[in-house]
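For this one, chain A is given, so just place chain B on it according to the hints.
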Amino acid sequence: MAFINELALRCNGLHRYLGQDDARVHVLKGVSFAARRGEVYAIVGPSGCGKSTLLYLLGLLDRPDGGEIEINGQLMSTSDDAARTAARGEHIGFVFQFHFLMMEFSALDNVMMPMRKLGRLSQQEMVERAHSLLSSVGLGDKTHRLGTQLSGGEQQRVAVARALANQPSIILADEPTGNLDVKNSGLVFDLLTRLAKENGQAVILVTHNPEIAARCDFTRPMRDGLFA
Amino acid sequence: MSPNLRIALRFLTAKKRAMLMSLSCTVLGVGLFVLTQATTSGFEEFFIKTILGTDGAMRVEDKIQDTLRQMTAGGGSDFQISQRQGLKYIEGIEEPKLIINALKDFSNVSGAAPVLRGSVLVRADFKNESAQVFGIHLEDQLKVSDLGRQIVQGDVATFREQPAGALMGRVLADRLQLSTGSSFILEAQGQRLRYTVSAIYETGVADIDKMRVYVHMSEARSLLKKPSGVSFVQVNLFDKDRAPQNAMQMQEVLKHSARPWQEREKSWLSTFRALRISSAITVSVFTLIAGLAMFNTLAMIVLEKTKDIAILRSMGYERRDITQIFLWQAGIVLTIGALLGCIVGALSTLGVSHMPLPISGIFKTETFVVSWNGWHYVEAITTAALMVMIASLIPARRAARLEPGDIVRGTAQ
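In order, the protein sequences belong to chains A and B. All you need for our numbering is the position in the first sequence, starting with 1, plus 2. All you need for our numbering is the position in the second sequence, starting with 1, plus 257.
Next up, chain A with everything else stripped away, as it sits in the complex (with noise of 0.2 Å):
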């Protein structure tokens, strides 16, 4: 794979304060982090220290109050919204906590959402990528199911897959696992890092599960803001 070990996301001195007034927190001091494609990632530590915050930042979900963040080399924390907006839908894939299906939509339709956004291939490539994920994920025979009629394994199953439907070089995944049984998670987790590793990946994972974490091949520790 010709970007392995390429960087793909870098950030450094990065600070965000949530809340107002008295209830203003400065929640991440000053991280600095950089991920490679083909690796994986987990970012741990307890409740309230910064993992999610640091990933939405990452994921280019949210605005830091200082510090830089670059994707692929170029300089994001600063650019308008739809430049992040278009650098999220090429670059970033996410996996939620709670999945986040869209619920009225088939497993499919989810698959081919980020892809219809991108524009970059037909329809019918569309629905034979779609089709291609959800058969590597486990899920080929339920491609027409409702979000609702699925599983919750099923269901962050499909998420995965529509994270990984655009190519992106990074992997963004909240506390993937958390939701799901022992098994499921496994399931998820193999399926994710096996993926992402197959097409170059980045995988930053935030985690509370120490297995997986151990299963990784970087684990960041984070507290209080910073990574320790």
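Hint data in this document are derived by calculation from the structure and do not stem from the laboratory. Among the clues, some could well be false.
To be verified - So the derived label-pair ranges between C-beta atoms look like this:
no.: 1; chain 1: A; residue 1: G50; chain 2: B; residue 2: M646; range: 42 to 48 Å
no.: 2; chain 1: B; residue 1: R274; chain 2: A; residue 2: D82; range: 35 to 41 Å
no.: 3; chain 1: B; residue 1: I546; chain 2: A; residue 2: D82; range: 36 to 42 Å
no.: 4; chain 1: B; residue 1: I546; chain 2: A; residue 2: G140; range: 48 to 54 Å
no.: 5; chain 1: B; residue 1: A531; chain 2: A; residue 2: L20; range: 57 to 63 Å
no.: 6; chain 1: A; residue 1: D23; chain 2: B; residue 2: R654; range: 25 to 31 Å
no.: 7; chain 1: A; residue 1: G140; chain 2: B; residue 2: V542; range: 56 to 62 Å
no.: 8; chain 1: A; residue 1: G75; chain 2: B; residue 2: R654; range: 32 to 38 Å
To be verified - A few chain B residues that don't get close to chain A, going by computed Cβ distances all over 12 Å:
no.: 9; residue: N261
no.: 10; residue: T270
no.: 11; residue: I408
no.: 12; residue: S571
no.: 13; residue: V635
Predicted, not measured: the structure shown is a model, and the values here were computed from it. Cβ coordinates follow ideal geometry from the N, Cα and C atoms, glycine included.
Frame of chain A, contents of chain B only:
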């Protein structure tokens, strides 16, 4: 199908009950708008048709007296000051043939008929009534009015053949208990002449039907002792809406006053216009309700779909995509609502047009009068579109402003 439209359709079907409510309000708003405009315009148009059919599109009457005051400088100088001192009129038209010939040069004039008018006393066996006699040339009069079609008893041919025949308004005939073939006396200028009722007409305009007696021009001249000249020339036009412009030109060229029907019937026309505008405002409230219902529905969807909005934004959907998704929803409801509203409006207009409603006084009708005009539908759709789209913009923009990070954090915590 665009991704945004596809998502909008799914969001819509997810909130069926709320959407049906918005749809119903839109249908009701558009339908009622069409119906009220059709009925108010219907009566207005019918009134215009009636007055054009009785008094024509225009009247050329009194001669304008030249009141221009001029001062010329002496000593061979060309210097001259002119000042118009307001118009004065000399009653009637002295040379009607010249005026009628001149009128024929106006391309919009379809007919011109001289009329000699005078006050008379109508004497019948039972009682007497004051009235106005209208001396006419029948063939000319038929070209500038609907008199032929307004006959309700007898016929015009009988009048044509009877030199001492008369066409009498229905109300007057009823008051005097006269019918076709009855004789009566017209008294004016100290002389009495006997006439026969050739036919009875009914315009539906009470002021006309109780006052006017049409006789042949030669008879009117004898009765009113006016051997020459006429009171006015009734003019009909191909394009009635150009009457004010034509009247100004005619007044300038003919040096006689010319009154278009819009000026003559100004008070009634203003009343109808006010009625139409007030009903449009009233009905706009229904479309406003449609807008509010749409606002409410979309605001609910925004609240319920914040998670979906965050997902879409995380996948690269822009703020304008989110706005579009919500505007699409409003657009779909609006399109279906407008279409159904137009159908409901047309069907209810059709139903109302068959409702019995006897009216006489300013016109005569037995049923509700409606107007079938495409512009009513355009106006109704435009009003509904404005209300619904403005109401939808607020939740749509609110949805677009949502920060995906805030939503995800809020849900995750």
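List in ascending order the numbers of the hints, as given earlier, that are violated by the structure.
9, 10, 12
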